[in-house]
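Trainee: Sequence:
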Amino acid sequence: MNSSENDHLKIKTAKLSLYIGLIIFVVKVTAYLLTNSSAIFSDAAESVIHILATGMVLFSILLSSRPPDKSHLYGHGNVEYFSAGVEGLLILIAAITIIYYASRDLILGSQPNQLDIGTLLIAVSGIINLALGYYIVLKGKQTNSLALVADGKHILTDSYTSIGVVIGLIIVLFTDIYVIDPIIAIFVALNIIFTGYKLVRESISGLMMETDDNLLEKITNSLIRARKDYHIDIHQLRFWKSANNVFIDFHLTLPFFFNIKQSHEIEEEISEQLSKDIENSQIRTHFDYCEPFLCKYCNYEPCEVRQDTFTISTDWNKNKLLSEPIKN
Numbered sequence: 002m003n004s005s006e007n008d009h010l011k012i013k014t015a016k017l018s019l020y021i022g023l024i025i026f027v028v029k030v031t032a033y034l035l036t037n038s039s040a041i042f043s044d045a046a047e048s049v050i051h052i053l054a055t056g057m058v059l060f061s062i063l064l065s066s067r068p069p070d071k072s073h074l075y076g077h078g079n080v081e082y083f084s085a086g087v088e089g090l091l092i093l094i095a096a097i098t099i100i101y102y103a104s105r106d107l108i109l110g111s112q113p114n115q116l117d118i119g120t121l122l123i124a125v126s127g128i129i130n131l132a133l134g135y136y137i138v139l140k141g142k143q144t145n146s147l148a149l150v151a152d153g154k155h156i157l158t159d160s161y162t163s164i165g166v167v168i169g170l171i172i173v174l175f176t177d178i179y180v181i182d183p184i185i186a187i188f189v190a191l192n193i194i195f196t197g198y199k200l201v202r203e204s205i206s207g208l209m210m211e212t213d214d215n216l217l218e219k220i221t222n223s224l225i226r227a228r229k230d231y232h233i234d235i236h237q238l239r240f241w242k243s244a245n246n247v248f249i250d251f252h253l254t255l256p257f258f259f260n261i262k263q264s265h266e267i268e269e270e271i272s273e274q275l276s277k278d279i280e281n282s283q284i285r286t287h288f289d290y291c292e293p294f295l296c297k298y299c300n301y302e303p304c305e306v307r308q309d310t311f312t313i314s315t316d317w318n319k320n321k322l323l324s325e326p327i328k329n
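Under the working numbering, the letters of the sequence shown match residues 2 to 329, in that order.
Hints in this document: simulated from the structure, not taken from any laboratory.
Be a bit skeptical, because a hint or two may be false.
[Stated by the list, open to error] Mimicking SDA-like on lysine to any residue, the simulated pairs with C-alpha atoms at most 25 Å apart in a straight line are:
(1) Lys242 / Asp278
(2) Lys319 / Tyr301
(3) Lys219 / Ser314
(4) Lys13 / His77
(5) Lys319 / Glu269
(6) Lys71 / Asp250
(7) Lys242 / Leu323
(8) Lys319 / Gln283
(9) Lys219 / Tyr75
(10) Lys262 / Tyr301
(11) Lys277 / Glu6
(12) Lys219 / Arg285
(13) Lys321 / Gln274
(14) Lys219 / Ile279
(15) Lys16 / Ser66
(16) Lys229 / Ile261
(17) Lys242 / Gln283
(18) Lys319 / Phe248
(19) Lys277 / His287
(20) Lys328 / Arg239
(21) Lys297 / Asp230
(22) Lys321 / Met210
(23) Lys321 / Glu218
(24) Lys16 / Gly56
(25) Lys328 / Glu305
(26) Lys16 / Lys199
(27) Lys71 / Phe83
(28) Lys142 / Tyr198
(29) Lys277 / Phe288
(30) Lys229 / Tyr301
(31) Lys328 / His232
(32) Lys16 / Asn79
(33) Lys16 / Tyr136
(34) Lys297 / Thr221
(35) Lys242 / Gln143
Can you build the whole structure from these sequences, using the hints too?
Mentor: As structure tokens, this is what we get:
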């Protein structure tokens with residue numbers, strides 16, 4: 002899938018989430034107006050946040066798909082981290098709102114109406130959201146979109162909320178213990194807080210460029226596959242993600258007699274291997290020249306200026322790639 006197809010799929014998925022979210026919201030508001038249930042109110046409140054958040058997701062995807070410009074040389078992909086963080090904050094606000102109104106009903110008392118119809122409407126909403134959430138998370142991972150994955154997880158949380166609400170309302174229907182209704186709403190809110198926290202945490206990790214261990218493992222294995230006997234030392238690997246792009250740079254030590262043309266060809270070979278293993282990767286290589294003390298680390302047999310025999314083999318593991326160059 003090329004970049005244009007990837008962006009088109011992300012936009013299409015975000016629009017689907019928004020349209021279905023609007024329909025689900027109408028259904029839940031109808032259920033709340035019919036029942037005056039605190040639990041259903043908590044479910045409907047989360048749907049409001051879902052619509053606002055999905056609108057922001059769509060905006061962030063449209064912005065992140067724009068090509069780099071003079072003001073944003075690496076593109077606009079980091080807006081997706083911002084979007085996920087805002088969605089997490091909105092979820093936390095929804096949870097606080099739910100706890101406030103549920104606590105009020107718990108203290109003052111309330112008696113919901115027509116719970117049979119309300120329960121049915123919420124059950125249907127939950128099933129639709131469950132399917133939609135899994136679909137959006139799948140497409141988010143497929144397109145490397147944190148914003149879509151965050152939106153999908155939010156929708157899944159919404160569906161779990163609906164399932165919990167339905168179970169609670171069924172208990173109320175059969176027992177007439179109405180205090181259960183606001184208690185369910187409070188438990189729903191606590192679950193929402195956990196999801197909101199995780200989204201904010203992921204957003205901060207992305208914006209602060211926290212090391213992605215899984216991506217580091219992929220880069221390490223790819224560089225090992227690209228390794229040649231004249232690659233004397235590799236060090237100071239740095240990488241970061243922006244939307245579906247991965248930017249990679251590192252230092253590579255070569256024999257001092259290699260010319261610029263050879264260095265350029267070596268970079269192209271490594272870039273080709275990384276592109277096979279990591280989609281949308283872009284590399285920049287800083288070439289260092291070897292010194293006599295590095296001969297014992299060099300396995301390049303055609304070398305005619307060797308001053309020491311090859312005796313030390315270095316593993317290109319994660320720690321080696323991130324480390325400083327070999328010192329004398």
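Trainee: Give a verdict on every hint.
Mentor: Hint check:
1. Lys242 / Asp278: holds (15 Å)
2. Lys319 / Tyr301: Roughly 23 Å between the alpha carbons, so the hint for lysine 319 and tyrosine 301 holds.
3. Lys219 / Ser314: holds (22 Å)
4. Lys13 / His77: Roughly 19 Å separates the two Cα atoms, so the pair holds.
5. Lys319 / Glu269: With Cα atoms ~22 Å apart, lysine 319 and glutamate 269 stay inside 25 Å; holds.
6. Lys71 / Asp250: holds (21 Å)
7. Lys242 / Leu323: holds (17 Å)
8. Lys319 / Gln283: Given pair lysine 319, glutamine 283 holds - Cα atoms ~19 Å apart, limit 25 Å.
9. Lys219 / Tyr75: Holds - the C-alpha atoms of tyrosine 75 and lysine 219 are around 22 Å apart, at most 25 Å.
10. Lys262 / Tyr301: Holds: lysine 262 and tyrosine 301 sit about 18 Å apart, inside 25 Å.
11. Lys277 / Glu6: Holds, at about 18 Å.
12. Lys219 / Arg285: holds (17 Å)
13. Lys321 / Gln274: holds (19 Å)
14. Lys219 / Ile279: holds (7 Å)
15. Lys16 / Ser66: holds (15 Å)
16. Lys229 / Ile261: Within the cut-off at roughly 17 Å; holds.
17. Lys242 / Gln283: Given pair lysine 242, glutamine 283 holds - Cα atoms ~10 Å apart, limit 25 Å.
18. Lys319 / Phe248: holds (17 Å)
19. Lys277 / His287: Holds: lysine 277 and histidine 287 sit about 21 Å apart, inside 25 Å.
20. Lys328 / Arg239: Status holds; Cα separation ~20 Å.
21. Lys297 / Asp230: This hinted pair holds, its Cα atoms lying about 13 Å apart.
22. Lys321 / Met210: holds (20 Å)
23. Lys321 / Glu218: holds (12 Å)
24. Lys16 / Gly56: Holds. Lysine 16 to glycine 56 sits at ~8 Å (cutoff 25 Å).
25. Lys328 / Glu305: holds (23 Å)
26. Lys16 / Lys199: Cα-Cα ~24 Å, so holds.
27. Lys71 / Phe83: Holds, at about 21 Å.
28. Lys142 / Tyr198: Answer holds: lysine 142 to tyrosine 198 is near 20 Å, not above 25 Å.
29. Lys277 / Phe288: Since the Cα atoms of lysine 277 and phenylalanine 288 sit roughly 22 Å apart, the hinted pair holds (cutoff 25 Å).
30. Lys229 / Tyr301: holds (9 Å)
31. Lys328 / His232: Holds: lysine 328 and histidine 232 sit about 16 Å apart, inside 25 Å.
32. Lys16 / Asn79: Distance ~20 Å between lysine 16 and asparagine 79 Cα, so the pair holds.
33. Lys16 / Tyr136: Measuring from Cα to Cα gives roughly 13 Å; hence the hint holds.
34. Lys297 / Thr221: The given pair, whose Cα atoms are some 23 Å apart, holds under the 25 Å limit.
35. Lys242 / Gln143: Between lysine 242 and glutamine 143 the Cα gap is close to 15 Å, so the pair holds against 25 Å.
Of the numbered hints listed earlier, not one is contradicted by the structure.
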